[in-house]
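Work out the full structure: start from the sequences and follow the hints.
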Amino acid sequence: AVLALVFPAVVHVRQRAQQTACQDNMRQFYQAAIGYSDTNDGRFPQVRESQPATTAADALKLAGYLPQGGPLVCPAANPVETPALTLGSYAYSLGFRDENGALCGLDRRPETTYLPILADAPRRQAGEAFPINHRNGQNVLFAGGNVRFCTTTTVGVDGDDIFSNARGQVAAGLNLYDTSLGRAEERP
1173 AVLALVFPAV VHVRQRAQQT ACQDNMRQFY QAAIGYSDTN DGRFPQVRES
1223 QPATTAADAL KLAGYLPQGG PLVCPAANPV ETPALTLGSY AYSLGFRDEN
1273 GALCGLDRRP ETTYLPILAD APRRQAGEAF PINHRNGQNV LFAGGNVRFC
1323 TTTTVGVDGD DIFSNARGQV AAGLNLYDTS LGRAEERP
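Quick note: the sequence shown, position 1, residue 1173 per the working numbering, numbers continuous.
No lab work stands behind these hints, which were simulated from the structure alone. A portion of the hints provided could be inaccurate.
Using C-beta positions, here's what the derived DEER-type ranges look like [to be verified]:
1. T1192 with T1324: 15 to 25 Å
2. G1340 with Q1240: 34 to 44 Å
3. N1308 with D1330: 15 to 25 Å
4. Y1349 with D1210: 18 to 28 Å
5. R1339 with P1282: 41 to 51 Å
6. Q1200 with T1285: 12 to 22 Å
7. R1220 with R1186: 35 to 45 Å
8. T1323 with A1298: 13 to 23 Å
9. L1346 with R1215: 16 to 26 Å
10. R1215 with Q1341: 21 to 31 Å
11. G1236 with G1316: 18 to 28 Å
12. Q1240 with D1210: 16 to 26 Å
13. R1307 with D1279: 27 to 37 Å
14. D1279 with D1196: 18 to 28 Å
Calculated lysine to aspartate or glutamate pairs in the DMTMM-like style (CA-CA distance at most 20 Å, straight line) [said to hold, decoys possible]:
15. K1233 with D1210
16. K1233 with D1279
17. K1233 with D1196
18. K1233 with E1357
19. K1233 with D1213
Just so it is clear, CB atoms sit at the ideal spot from N, CA and C, and this is done for glycine as well.
Pasting the structure below:
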């Protein structure tokens, strides 16, 4: 009977520790992105046209802002489902299209503070994004540096789904405020 009470508590403590460690990974990523932006006119690493999202994390490693070595991995991620790419178990901003259709990345300015830039990568199934690293949600890093555990994917500006653009596509956003985060292998 005691075991029936203790086991759920132990599982909860373990999940919470993994969630916190994941948030710490995101903060380290943010510090690397800030260092990069300091030497790149305030711009965060941008995923280029037809390149996978992992290239943003590759740029941070190449510039010396992230340590060399394996991929960025959430402690709660299933190793079997984690790509062996630098971005690992996270999803990064695929950028947005300006009024001329050009692909743009995010930069550091007051109007981007609340835009999601990184999150636990989802599993995609039938056009839906489902959290896989944490039960009931995902950690999200915002461009201003704050990290939150979110129980829905609609935490972008005006309730925007952060894992697809306004057309429901895994592609660059349709404007600055249309957040679209892509898994390591996904492209704008």
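### Task
List, from low to high, the hint numbers that the structure doesn't satisfy.
Result: hint 5 breaks, nothing else.
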